[in-house]
Amino acid sequence: MRTFIVARTYNYHEVLIRNETYWLTQYYFLHNSMTVLYRRQMMSLFDPLVIRSLTIKNRIWVSPMCQYSAKNGLPNDWHFAHLAQFAMGGAGLIFTEATAISPSARSTAVDTGIWNEEQVASWTRIVSFIHEQGAKSAIQLWHAGRKGSATTPWEGHRPVSIDTGGWEIFAPSPLRFGELNIPIELSKADIEIIIQDYKSAAERSLRAGFDVVEIHGAHGYLIHSFLSPIGNKRIDEYGGEFLNRVRFLSEVTKAIREVWPLDKPLFVRLSTSDWVEEGWTVQDSIELAKLLKVIGVDLIDCSTGGVVPDVKYQVGPHYQVQFAEKIKSSAGILTGAVGLITDPLLANAIVASEQADAILLGREMLRNPHWAFQAAHELGIDIEWPNQYKQAKPRKDWPY
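1 is the number of the first residue of the sequence shown in full-length UniProt numbering; add one for each residue after it.
Quick caveat, the hints were computed from the structure, so don't treat them as lab data.
Incorrect hints may have been included.
Within a straight-line C-alpha distance of at most 30 angstroms, the following computed DSS-like cross-link-like pairs (lysine-lysine) qualify [what the hints assert, rightly or not]: (1) Lys-293 with Lys-199; (2) Lys-233 with Lys-290; (3) Lys-57 with Lys-71; (4) Lys-312 with Lys-254; (5) Lys-393 with Lys-57; (6) Lys-290 with Lys-390; (7) Lys-393 with Lys-312; (8) Lys-312 with Lys-57; (9) Lys-264 with Lys-233; (10) Lys-293 with Lys-188; (11) Lys-290 with Lys-57; (12) Lys-199 with Lys-290; (13) Lys-390 with Lys-293; (14) Lys-233 with Lys-57; (15) Lys-57 with Lys-188; (16) Lys-233 with Lys-199; (17) Lys-71 with Lys-233.
Quick list of simulated restraints, FRET-style, between CB atoms [as the list claims (entries may be wrong)]: (18) Tyr-389 with Lys-188: 22 to 30 angstroms; (19) Pro-309 with Gly-362: 45 to 53 angstroms; (20) Gly-362 with Glu-179: 33 to 41 angstroms.
Beta carbons are placed, not taken as given, at the ideal position from N, Cα and C, and that holds for glycine.
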């Protein structure tokens, strides 16, 4: 806990903070016009977060970012270097990219996976290095659903036919996404197989040494397609009303919790809004978060969108933080905030004002893998640097 002084109301673009010990006197909420005046101690980005038996050293986490660089699902030296830089740069929790639970769960042929023991061994090498740097590791388990069998983004994300090396793709309903292939509607037997694939992937994640499992339920992939009435037109127990549409994710979560130790955290990433009236809403997300909390989920990683191609919505700094705040306050569960979070002072305010319990950075981390060091310096907080990098740590007696 730290005490903050903010000298005047701030907005998206400016914060004035002074001294090493701070009293917060004015805070302008980033998503409404209300100014709140108060004075009390509050959390900072660099306070540890304890979830079950896991202590994460800070609230600066690295979002899952697909690299499309694997062969046969195996993470390689690129993935090692990509993830290791964030551990060396001070982040508290580092997510793998979305990691396929089976070959048919992939979006592209070059996605990473965790469906065999060779992949477990490759992940173990990466996880061990992350741990050596004092950070924690998380794996995001994923099935691409109707967004599968495609080329990489830099190849146009075009559909790949079975004749040219693609594979059959599956979804709750046979509804194509954009110009991608038409998926096959999942049978109940297919659903049972996929649930078992998630369970087996969680067991392998444990053997690889991961600290956290996150279920990818966002961005129009398989689980999100079940949740959203846009992607789910089923008329059985997996479609229709809310409780039916959330059934698949509930069953996946329960299956993973059977094998993922009770002392280890389990997260779910949700698209908390489809950004269209007829789609999944933040209120749906709140109700789902309450349900997931009961069956063993510890944190909701709050993103948005992905089930409707080319949907238009307003984007700006911290534009998705509002969803993390609503779910945290209404469902009583930990949340992670994402979305154009770049400025350390404003990022700190998200945690300090209890809008979310952690922030997840993606593209900003690609631009600056040592963002945590920069944030600590700007906030006047002293944190540990790797011995090999300490010669570059800012000093009051040596400003160069």
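Results of checking the hints against the structure:
1. Lys-293 with Lys-199: Between Lys-293 and Lys-199 the Cα gap is close to 19 angstroms, so the pair holds against 30 angstroms.
2. Lys-233 with Lys-290: holds, 24 angstroms
3. Lys-57 with Lys-71: This hinted pair is violated, its Cα atoms lying about 33 angstroms apart.
4. Lys-312 with Lys-254: Violated, because 35 angstroms separates the two Cα atoms, which is more than 30 angstroms.
5. Lys-393 with Lys-57: The hint holds at about 19 angstroms.
6. Lys-290 with Lys-390: violated, 44 angstroms
7. Lys-393 with Lys-312: violated, 43 angstroms
8. Lys-312 with Lys-57: violated, 37 angstroms
9. Lys-264 with Lys-233: Not OK: Lys-264 and Lys-233 at ~35 angstroms, beyond 30 angstroms, violated.
10. Lys-293 with Lys-188: holds, 26 angstroms
11. Lys-290 with Lys-57: It holds: about 27 angstroms lies between the C-alpha atoms, which stays within 30 angstroms.
12. Lys-199 with Lys-290: holds, 22 angstroms
13. Lys-390 with Lys-293: Violated - the C-alpha atoms of Lys-293 and Lys-390 are around 41 angstroms apart, more than 30 angstroms.
14. Lys-233 with Lys-57: violated, 43 angstroms
15. Lys-57 with Lys-188: violated, 42 angstroms
16. Lys-233 with Lys-199: holds, 26 angstroms
17. Lys-71 with Lys-233: The hint is violated at about 35 angstroms.
18. Tyr-389 with Lys-188: 22 to 30 angstroms: The hint (22 to 30 angstroms, Cβ to Cβ) is violated, given that Tyr-389 and Lys-188 are roughly 54 angstroms apart.
19. Pro-309 with Gly-362: 45 to 53 angstroms: violated, 21 angstroms
20. Gly-362 with Glu-179: 33 to 41 angstroms: Violated, since Gly-362 and Glu-179 (Cβ atoms, about 25 angstroms apart) do not stay within the stated range.
The structure fails to meet hints 3, 4, 6, 7, 8, 9, 13, 14, 15, 17, 18, 19 and 20 from the earlier list, while all remaining hints are met.
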